[in-house]
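Those protein sequences? They're chains A and B, same order as listed.
Heads up: the first sequence at position 47 corresponds to 47 in the working numbering, and the numbers run straight through without jumps.
Heads up: the second sequence at position 184 corresponds to 184 in the working numbering, and the numbers run straight through without jumps.
Rather than coming from a laboratory, the hints here were simulated on the basis of the structure.
The reader is advised that the hints may include incorrect statements.
According to the in silico footprint, chain A covers these stretches of chain B (three or more CB under 8 Å from chain A) [said to hold, decoys possible]:
#: 1; region: 97-103
#: 2; region: 175-181
Here are the in silico distance ranges between beta carbons for each label pair [stated by the list, open to error]:
#: 3; chain 1: B; residue 1: Ala3; chain 2: A; residue 2: Arg14; range: 51 to 61 Å
#: 4; chain 1: B; residue 1: Arg118; chain 2: A; residue 2: Thr286; range: 41 to 51 Å
#: 5; chain 1: A; residue 1: Ala547; chain 2: B; residue 2: Thr78; range: 30 to 40 Å
#: 6; chain 1: B; residue 1: Ser117; chain 2: A; residue 2: Ala531; range: 49 to 59 Å
#: 7; chain 1: A; residue 1: Arg578; chain 2: B; residue 2: Arg139; range: 24 to 34 Å
So, partial list: chain B residues that the calculated Cβ filter (under 7 Å) puts toward chain A [claimed, not checked]:
#: 8; residue: Asn52
#: 9; residue: Trp66
#: 10; residue: Gly69
#: 11; residue: Asp73
#: 12; residue: Gln74
#: 13; residue: Leu75
#: 14; residue: Glu77
#: 15; residue: Arg84
#: 16; residue: Arg87
Treat the numbers as computed from the prediction; the structure is a model and nothing was measured.
Note that the Cβ used here is the ideal one computed from N, Cα and C, for glycine as well.
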Amino acid sequence: MTTTLVRLAFSGIRTRLLASALTLLLAATAAATVVLAVEVGQTGREPWDRTFAAAHGAHVLANVPSEKAARALQSRQGVVEAGAPVPETTVELRTGDGPEPVRISGLSGRPRVNAPVRIAGTATPGDGIVLEHSLASALGLGVGDRLTFAGGVRLPVVGTAVLPSVARYPRSNPGVAWVDRPTFDSLQPLGDLGSWTVALRLADPAAAPRVAGSILAHAPPGSVSAQTWQEQRSVALMDAQPLQLILAMYAVVLLAVVFAVVAILVGARALEQHRQIGLLKAVGLTPRQVTLVFVIESAGLGLVAAVLGFAAGALLAPLLAGPSSETMLGSPTVAANPAHLVVAAALVVLVLVLSTWLATRRRTRFSVLHALESGRSAPPSTSLLARLVARLPVGVPLAVGARTLLAGRARALLLAGAISLTGAAFVFALSMQASLDAQPAGQVSDVPAELPVLVYTLDGVLLLIAIASLLAIALLGLRERLRDFGVLKTVGLTPRQVASTLVSPYALLAAIASVLSVPVGVALYVAVYRAAGGDGDPTIASWTWLALVPVATVLLVVAATSVPARMAAHASAVDVLRTE
Amino acid sequence: MTALLEACDLAKTYDTGGLPVVALNGVDLTVRRGEFVAVMGPSGCGKSTLLNLVAGLDRPSAGAVWFEGERIDQLSETALARLRRRRLGFVFQFFNLLPTLSAEANVELPLLLTGTSRREARRTARGLLADLGIGDKGRSAPSRLSGGQQQRVALARALANQPDLVVGDEPTGNLDSGSAREVLGLLREAHGRGQTLLLATHDARVAAAADRVVTLRDGRVFDDRTLGAARPVTLPFDPEPL
Chain A
1 MTTTLVRLAF
11 SGIRTRLLAS
21 ALTLLLAATA
31 AATVVLAVEV
41 GQTGREPWDR
51 TFAAAHGAHV
61 LANVPSEKAA
71 RALQSRQGVV
81 EAGAPVPETT
91 VELRTGDGPE
101 PVRISGLSGR
111 PRVNAPVRIA
121 GTATPGDGIV
131 LEHSLASALG
141 LGVGDRLTFA
151 GGVRLPVVGT
161 AVLPSVARYP
171 RSNPGVAWVD
181 RPTFDSLQPL
191 GDLGSWTVAL
201 RLADPAAAPR
211 VAGSILAHAP
221 PGSVSAQTWQ
231 EQRSVALMDA
241 QPLQLILAMY
251 AVVLLAVVFA
261 VVAILVGARA
271 LEQHRQIGLL
281 KAVGLTPRQV
291 TLVFVIESAG
301 LGLVAAVLGF
311 AAGALLAPLL
321 AGPSSETMLG
331 SPTVAANPAH
341 LVVAAALVVL
351 VLVLSTWLAT
361 RRRTRFSVLH
371 ALESGRSAPP
381 STSLLARLVA
391 RLPVGVPLAV
401 GARTLLAGRA
411 RALLLAGAIS
421 LTGAAFVFAL
431 SMQASLDAQP
441 AGQVSDVPAE
451 LPVLVYTLDG
461 VLLLIAIASL
471 LAIALLGLRE
481 RLRDFGVLKT
491 VGLTPRQVAS
501 TLVSPYALLA
511 AIASVLSVPV
521 GVALYVAVYR
531 AAGGDGDPTI
541 ASWTWLALVP
551 VATVLLVVAA
561 TSVPARMAAH
571 ASAVDVLRTE
Chain B
1 MTALLEACDL
11 AKTYDTGGLP
21 VVALNGVDLT
31 VRRGEFVAVM
41 GPSGCGKSTL
51 LNLVAGLDRP
61 SAGAVWFEGE
71 RIDQLSETAL
81 ARLRRRRLGF
91 VFQFFNLLPT
101 LSAEANVELP
111 LLLTGTSRRE
121 ARRTARGLLA
131 DLGIGDKGRS
141 APSRLSGGQQ
151 QRVALARALA
161 NQPDLVVGDE
171 PTGNLDSGSA
181 REVLGLLREA
191 HGRGQTLLLA
201 THDARVAAAA
211 DRVVTLRDGR
221 VFDDRTLGAA
231 RPVTLPFDPE
241 PL
C-alpha cells in the first residue's frame, strides 16, 4: 500500500508541475534562509583557526594588574610556553571626527605567543604604530598615515594586523594598536592605570577553561581576567551574530508564509480534485490514506527543497560572513555542516506536512457518491464575516467578491497572514534604516555593513514570493469561480465589474492585512533590537514611511490580481457556462 | 404585437481544433412583445447557440440581431452587459446561482446592478420569492435547496428587473417531473402577466404552453408555427422523456 501511495503522490507532483514548482521554490528559499542562519556563524571558524595558528595564539590570555603577577602566571602548572608580559593602556587618538580611545599594547620585539599577524605593512611597530585591521578600516587609515595622540605624540602607521583574541572594531571597543615599549612609555594614558597581559600555551588546550578558572579563583575579584581560546573564538565569530539573528527572524517569517501559501494551494487542489479523490475512495482508499497521498507529495517536495536550500545556503554563507573575515586571515569558507541539512529538512518538511495535513484532512471526508455524481465539492457555507460584509454599503462587485473570498475563511485568513508578515518584514527594514540614519554623523556603527543589504535582499525575496503566491492564488480563484463569472456576466455585470469582483476583495483583504502589518513589524523590530542587545529605545520608521507599507501593498496586490482579473473579464460567458 | 427581437440571417460557426462546425446557418426569427416562443429541436441543432446570440452572450459569425430596433450584435461588451441587466433575464438548465450568495442575495443582484437601493432590492427579492412559493428560503444557500427551489430562485432573479425578455435554456431540463410542472406553471403565470418568453426546450409540455414553436434542425429553422386550439403540438421528432 505504501508503494501505491508514494506512486500516487509522485503522479500528483508530475501532473501539477507549476504548483509543485512554486511549492519547491518557496520551501527551498525558506530552507536556504534556515541554512544561512546556522551556517554563517561557522564559516569563520577555519579562518580563525588559521589566524590562531599564525599568531601562535594563547590558550589562555590573562590580564593582570602588574608585571609581577603576569610573570607568576608563566610558571603555572600545565603551561608549556608563555609570552613576555605586555603592558596595555588606553590612549586618546585625535581624529578629524574627534577623540578616539585606543587600547595600546607595548611590545618588546615580536611576542612568542599571541603575536599580531600582519595584514599590511609590517607587524613590528618600530618607531611607528601597527593598527588592528578592522580599526584601521573603520577609521579609514592605512600604512603611511600619521596619527596624533593626546600629549602631542605623532606616529606613522607602519602596518595593520589581526589577532585571534581581538574581535572586530567597533563591537570590540576601544580599538587595538601596538607600539614598541619606548613609544608606549612616551604615550599619555587616558585615565586608567594600565594592565599587563600574558599569553599562555598549555600542554592540553582542552584544559584551558580549568586553568582560566584557577587563575581567576586565586586573584581578588575584578582584578584579573582570563580568556580561553574557546572564548576568543566565540567572541570573534560573534561578528556574525546580528546576521544570524536577522536570518533567523526571516527564516521564521518565510516558514510562516510557506505554511500559509502551501495550505492554500493544497486546499484548492483538494477541492479541484474532488472527483479524483472520490474515485480513490471508491477503489478502497480511506480518507486518512488520501490525506497521506497529499502529505507524501509535500514531504517529497520538502526534502528536495531542503537539499537545494542547503546547497544555496552553504554557498552563500561565506559571502555573508565578510565582517568576521576582517579580523582573520583569509576568507570565510563553506562549512556545509550535514547537521544543518538535517535541521533545514526537519523544519521545512514539518511545515509542509503540517500545512498539507490541515488543508486536506477535512476535504477527504465526504460522500463518494456525491463526489462521483457532481464532480465538485459542496460550496462553503457563508461565514459570519461574509454576512457582515454583505451589510456594508459597498458596490456589487466588492460585495459579491468579498462574500466569495470570505466564504473560504481559512484561505482568507492564511492569505491575510502571509500578506501581513510580508508587510511586517518591510516595516522591520524601514525601522532598521531609520535607526541607522538616526546615528550621529561620524559615529562608527557596530552594525555590519552587510546587514542592511541582507535585510533588503531578504525583503526583495519575500516580496517576489508574495507576488508569485498571490498570482497563483488569484489564478486558482479564477479557475474555481470561472462559472460564477459567466453567471455574473449574464446577470449584467460589465467586464470591468467582473474584474473588480476578483481584484477588489483581494485589495480589501490586503489593506486590512497590511495595516495590521505595521504594529506586527514594529513589534518584530523592537524584539530583534532587544535580542541583539541594542541600547536605549529603538528608532522606529516615521509614520510617513510606515503609511507607505499599506499603500504599496494594496497597489502590488491590485497589480498581481489584475492579470487573472483581466482573464475573468474576457472569458466568454457561453464557454464557461457550457462546461457544466 | 410589435417586434421585440429580430434575428436576421443569423449564422454561427465554431472552430473546434481547426475544424469548422456550423451551429447556426441563416436563421431568421422574430419575437413579438408578450409572446411565448418555444425553440425545439434535437440536441446539437443550435437551440442554445441561437439563445446565446439573441441574448448578446455570444457574437454571430454572420447576420444581425435587433432588440427593439437597436442592433445589438455589434455593441461593446459593456453595452451588452447594461442591456442584459435591464432588459433581459436568464434561466438555465443548471440554475447557475452564485453558490456563495443566499437565495435572496442572488435575486437582489440584478436589482442592485440597476441602482435599486439595498432596502428596496431586499423588499422586491423577498416579494418575488414569496410569489414563487419559496418565501421561507430566502436566507438559504443555494446548495441547501432542491433543484425545483433553485430553479424558482433563478426565475425570481430573471424576473427581478421586470425585463422585456426572459430567455430560458432548458429551464425544466434538470428537474423531476413535479418540479418541472411547477416551474412551467410559474413561467406561464409570468407570461400571463405579459412577460415575453423565449425558451429552448425538449419538454413537450413547455412547448405546449407556448404561443409559438420554432423547430430547429441542423442549424436552420425547420418549422415555425403558431399554436392555436389544437394543442398539444405534433412534434417533428421524438421528444426526450421528462
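Quick rundown of the hints versus the structure:
1. 97-103: Since three or more residues must qualify, the claim that chain A covers the region 97-103 of chain B holds, with 6 doing so at under 8 Å.
2. 175-181: It is violated: at least three residues are needed, and the region 175-181 of chain B offers just 0 whose Cβ sits closer than 8 Å to chain A.
3. Ala3(B) / Arg14(A): 51 to 61 Å: For Arg14(A) against Ala3(B), whose Cβ atoms are near 58 Å apart, the range 51 to 61 Å holds.
4. Arg118(B) / Thr286(A): 41 to 51 Å: holds, 48 Å
5. Ala547(A) / Thr78(B): 30 to 40 Å: This hint holds: roughly 35 Å between Cβ atoms.
6. Ser117(B) / Ala531(A): 49 to 59 Å: holds, 56 Å
7. Arg578(A) / Arg139(B): 24 to 34 Å: holds, 31 Å
8. Asn52: holds, 5 Å
9. Trp66: Violated. Min distance 20 Å.
10. Gly69: Violated - the Cβ of Gly69(B) stays beyond 7 Å from chain A, reaching only about 21 Å at its closest.
11. Asp73: violated, 14 Å
12. Gln74: Not OK, violated: Gln74(B) not within 7 Å of chain A, min 16 Å.
13. Leu75: violated, 12 Å
14. Glu77: Given a least distance of 5 Å, the restraint on Glu77(B) holds.
15. Arg84: Because about 5 Å separates Arg84(B) from the closest Cβ in chain A, which is inside the 7 Å limit, the hint holds.
16. Arg87: violated, 9 Å
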